[in-house]
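Novice: This is what each chain is made of:
There are 6 protein chains.
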Amino acid sequence: MSRRYEDLTGPQVAEVIGPESILLLPVGAVEQHGPHLPMSVDHVIAHETATAVVERVGDELDVWQLPTLSVSKSNEHAWAAGTLWLRAETLLAVLRDLGRCLATTGAERLVLLNGHGGNTTLLNTALRELRLEFGFKTFLVHPSVPPAYGGTSTESELGMGIHGGLHETSVFMHLRPDQVDLSAVERKVPEALAQNRFVKFGGSVMFGWLSNDFDPEGYIGDPTGATAELGQELFEANVAHLCEQLAEIKTFDFGR
Amino acid sequence: MSRRYEDLTGPQVAEVIGPESILLLPVGAVEQHGPHLPMSVDHVIAHETATAVVERVGDELDVWQLPTLSVSKSNEHAWAAGTLWLRAETLLAVLRDLGRCLATTGAERLVLLNGHGGNTTLLNTALRELRLEFGFKTFLVHPSVPPAYGGTSTESELGMGIHGGLHETSVFMHLRPDQVDLSAVERKVPEALAQNRFVKFGGSVMFGWLSNDFDPEGYIGDPTGATAELGQELFEANVAHLCEQLAEIKTFDFGR
Amino acid sequence: MSRRYEDLTGPQVAEVIGPESILLLPVGAVEQHGPHLPMSVDHVIAHETATAVVERVGDELDVWQLPTLSVSKSNEHAWAAGTLWLRAETLLAVLRDLGRCLATTGAERLVLLNGHGGNTTLLNTALRELRLEFGFKTFLVHPSVPPAYGGTSTESELGMGIHGGLHETSVFMHLRPDQVDLSAVERKVPEALAQNRFVKFGGSVMFGWLSNDFDPEGYIGDPTGATAELGQELFEANVAHLCEQLAEIKTFDFGR
Amino acid sequence: MSRRYEDLTGPQVAEVIGPESILLLPVGAVEQHGPHLPMSVDHVIAHETATAVVERVGDELDVWQLPTLSVSKSNEHAWAAGTLWLRAETLLAVLRDLGRCLATTGAERLVLLNGHGGNTTLLNTALRELRLEFGFKTFLVHPSVPPAYGGTSTESELGMGIHGGLHETSVFMHLRPDQVDLSAVERKVPEALAQNRFVKFGGSVMFGWLSNDFDPEGYIGDPTGATAELGQELFEANVAHLCEQLAEIKTFDFGR
Amino acid sequence: MSRRYEDLTGPQVAEVIGPESILLLPVGAVEQHGPHLPMSVDHVIAHETATAVVERVGDELDVWQLPTLSVSKSNEHAWAAGTLWLRAETLLAVLRDLGRCLATTGAERLVLLNGHGGNTTLLNTALRELRLEFGFKTFLVHPSVPPAYGGTSTESELGMGIHGGLHETSVFMHLRPDQVDLSAVERKVPEALAQNRFVKFGGSVMFGWLSNDFDPEGYIGDPTGATAELGQELFEANVAHLCEQLAEIKTFDFGR
Amino acid sequence: MSRRYEDLTGPQVAEVIGPESILLLPVGAVEQHGPHLPMSVDHVIAHETATAVVERVGDELDVWQLPTLSVSKSNEHAWAAGTLWLRAETLLAVLRDLGRCLATTGAERLVLLNGHGGNTTLLNTALRELRLEFGFKTFLVHPSVPPAYGGTSTESELGMGIHGGLHETSVFMHLRPDQVDLSAVERKVPEALAQNRFVKFGGSVMFGWLSNDFDPEGYIGDPTGATAELGQELFEANVAHLCEQLAEIKTFDFGR
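Chains as they are written, first to last, in our numbering: chain A, 1 to 256; chain B, 1 to 256; chain C, 1 to 256; chain D, 1 to 256; chain E, 1 to 256; chain F, 1 to 256.
One chain only, chain A, in its complex shape:
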């Protein structure tokens, strides 16, 4: 049986979705990713990762995969012609609307799987709104946690391979080998930032940035060594990690 939410008929919703079910909403983005990657990167990674996770543990954990939100809050790339983005208020409205609808099912757990680092803080904010307004237990997971929000990046990129860098490029090469062109890329690591004690990605001072603040090309990291092999390895590790996270989510309780 399909684990795609939309593949259910209306009457099936009430039959198969219940308190034990987990609703999984992948959130992608369509935004410039430098000259070597298509705008689809975050959309594809969110979607493919969610699909792989659901394939692996969907039945076991009773997970229902919602249609991937393809466009989200990418306004750090507003300078780049073609990037698509919703304003913060619009995305929040979309999430509230979805929350209100999903609350008509019997599910009690809603997981956002976010493929775009620029959404992390807003989605994190939404977790509380959706819990308060609709009673959901809400969770936010990432294919890999963005370095800007506590995740790791490679040492060679000084922990700053955050947009079109080694890992993301590799994962995308694994997923869409024909769509990556490394011929024109260079190392684009904001070295100066690494000298900072506080104001840096994942530093104790959070800061507002646009993707062309560092370099006019708009990617941040060093994709030059990216390979599909590394990508496959990372992708599989991410999927495995997410499956473990979902398993914990499945039984998570506040303990009160």
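Please keep in mind that the hints were generated in silico from the structure rather than gathered at the bench.
Careful: at least some of the hints might be erroneous.
To be verified - The list that follows gives simulated cross-link-like pairs (lysine to any residue, SDA-like), each with its CA atoms no further than 20 angstroms apart:
id	chain 1	residue 1	chain 2	residue 2
1	E	Lys250	D	Gln195
2	B	Lys250	C	Ala194
3	B	Lys250	B	Thr51
Could you slot chains B, C, D, E and F onto chain A? The hints should help.
Specialist: Relative to the frame of chain A, chains B, C, D, E and F by itself:
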């Protein structure tokens, strides 16, 4: 070369999209469609139709297929647990946000391909907003125009096969043969409505309705005779028709 | 007894308005109509038509005429100094506010009588919102259905006498004979549009347009032959037609 | 020549409206006014007063009468079935929309003539918004200033004939003699309030009230002695006063 | 025991705040006040006045002092770099949010103590909203009622010492003696305005103005003779007056 | 000279605030903090910390302290009578309004000093909005980074002393020794959570929670051992740390 908008890199947007280009935004929906069809129907039909159209005339007419909006304004099914819908104001905000972003490309024509009849009037309203605010020439097309807005339906359904009826069910059988179950369906045609001179789908009096106003099952039409063969025929006719429409759109000018 | 809603005292509302009553909201507009007609055209026609209809069948059908909304969504004329218009979101908010208030009466049927074609799609959208949020049976009628939304226009205007054309000008001459000046008008029919198979008023491709897209004068049609006699004939036919529509609305039921 | 704004053609707007012109927007309301008066009272008084003023000084002072806003912010009567009201945010949006449109004319002065006391503070707030956003010199006048905002009322009503009291009832009797029924009215003066030093209408402590806070009948004042003669006298005095106010507005300058 | 609302623990709220309690919200502003006064004037005066009032009658009248809103609607000073202001819609949203929260306490009376004349009309509007939506008895008081809304000002300033004039400057000198610099001030009284019969501060015609409409320096009045002694006298009179007002508010009832 | 922003006169803003200046906006909260602490905790800590920082490095780094925002987004405590909170949309609107105003000064750096963990994600989101819309370099700092967003907490509390726990209680005891009552507190550490690998404060799975999800008392941590001495030590370390952060912020550049 891919004709998917998101498959472009950021820098390619400025290179390949220009005044001659047509941007095509498929709009789907995830909503109950009776016991015989999954909630994905409008999503799938909008997406597959757009894909087939772009495959056929994308290169010739310079069409760029945007990611399908999977969820839209389906509040006629708000009564049905599981249906996903955006409020009118939210969908309008999403469209304005997208319009503002797409206006950074060089394209002058934006076509909404709408798979869900419940969106027709709001999208039609948006055509003017997007024209006024961003200067686009804007168009709204349908896989098949909904009977409630001037399209035709079968005579056997008294012109009222508007939601999960013969045609839609057949087209979906063609696209997803494994996902249709006709075992429990019946004829659900609001016969009384057909007696009306004015207040009926496509009548001179427009009226507000919810999909359970007519019958608690929530589908409207007679899917009992649906076949994949009929669906294929309709789908291909629709695609051919849309290609002709796009060709006219390509050279459309106000003539001033 | 007056059939104007506002002529009721507060306590009378509960006494005389009940499940059998029909609430009628005329919606006008104040917008440029070319050099031959005042900006009031849609306001006057909506108001006078509603008044004539209520005079004829108000008692019989228990109709209550609400104050005419004089200004609505006329942004296709935003280019023309003086045109008054509400943004789509504002008009929707006004309608929701009115719906919420009217739901405190016992009436179950709410009819919008729309004199301005530019409102048709938004009002049609509102029909569902008002049905869903307040439980009204909602209807949208027109003095004459605009050709852009399925109505007819004269053959001599190639079906495109949609703004200040033969019919509208004639009706207005009948209603306000002193306010029409045909001395400077010409035929302003976008002939090229008529050649189109799809993209035209009432065509299968809906399109966004502003009233100066076709001609800088901002009227669309051929008012040169307009006469008060024709106008009277049309007006009376419209009123008669609306009375028939209201009679059907009176007993309309979804049949469930 | 008509002094109704909407009677102008589009092209005339630019010809006849200029820096010397005054735009006059009457603001009415449709709200319960006790058992003796129809809901139309404020609508009628605003409209008739504006009309009389423009008749008298329209040509001399170059005044253009906008269509009367029939419904406004009457939520002090939200408890009374049938009362129509816009939320504060909606009315503010309507005023901003109108201001933006009127700014396309050459006029520099915009006068709100407010017939409903419940609007006074919000319209007063809007004066600044419209000045700041659109550059208008903005003014707010009243047929008679409501006692709650500094105007006077009769001594016999202890200064509290603020809604359906002696003066308003009399003026309405003059304007619509057939629509007033004094048979059931009583003195409804909140005597206790008059004892207050601060918290009273026009007192130094402003306070929030709903029209049924004082009495379930919802009118405030003593209409028992109302006569059309008194009404005529008051109406004419009001009109004369407004004409003087407009004359001062005509030449008003900040003196900088 | 502290009378600051925020000094209560969560559990204490339910214990000590009840139907007899008065909630007092001081509303300040941070806006240019000419070259002689800091931007803090309205913030300081609102806060210090509220504090003095609560010190005097807080226990007796069971008053709870809410944290002072430091920034409010100061857009008449939008031209002046540095002035902080919330849009009308934002301030209304803030007040609704606070009202909704305060309604969870047992208090029935909410008093706004407004230090900034530019807020008066909007706060007055909010009184009704908060009464209707949350059931509060609501009140608006001022350290001294602004002349533009019915209060008095000195004769020597022709009643127009409304912003940085004699009284306000004196009161501030009393409160913050080190922060006033009279060396550069002059008399800035819009004398011409005083000639007007209607259009003036407190006149029967309300008008929209920005603080630089009269003079580029942005203060209105004559602070040249300001002294801390006068300020002390005024401050103490104001506090005494407010205490009397609160005493009346304490027992205020609509009398129904 | 005072380093309070509001202590500047209007004309001084342009004189003393320039590209080298840092604007510092402390953000507090008024929300339940268990039975041992007043609702003011976050308000007081944000305000006192900002004041101490500005006292130490204000002149050296040219820092201007804005008035503390006392109320913010505390809806995790919406269940607790008395807690004050702004909706996410309201707080975002307040921040946009402030950003627009502050952009009229010459400053290029805006630092939010956030005392309430529940704001962190929304403020972090706002950093980008304020950078994009107004061009500010924007930063978010904390007296101490909340454990839920990457900061540390004591081992004895298993890293979960996040609301009214050992550290916060101690710091508040230092700042307001008379306002803390430890007589009724207990250890309230959600031990079960600590077992989790992913779903926990600062874990790789972010989750939505309300403060009564763990315990009906609403505090989270173990304040039993809190002392003013520890508080002083922590406070001074925090201030010192913030001063170092500000020094880095002072010269921070994107390096492009």
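Novice: Evaluate each hint against the coordinates.
Specialist: Results for each hint:
1. E:Lys250 x D:Gln195: Judged against 20 angstroms, a Cα distance of about 15 angstroms means the pair holds.
2. B:Lys250 x C:Ala194: Cα-Cα ~16 angstroms, so holds.
3. B:Lys250 x B:Thr51: OK: lysine 250 of chain B and threonine 51 of chain B at ~18 angstroms, within 20 angstroms.
Every hint, counting from the list given before, is met by this structure.
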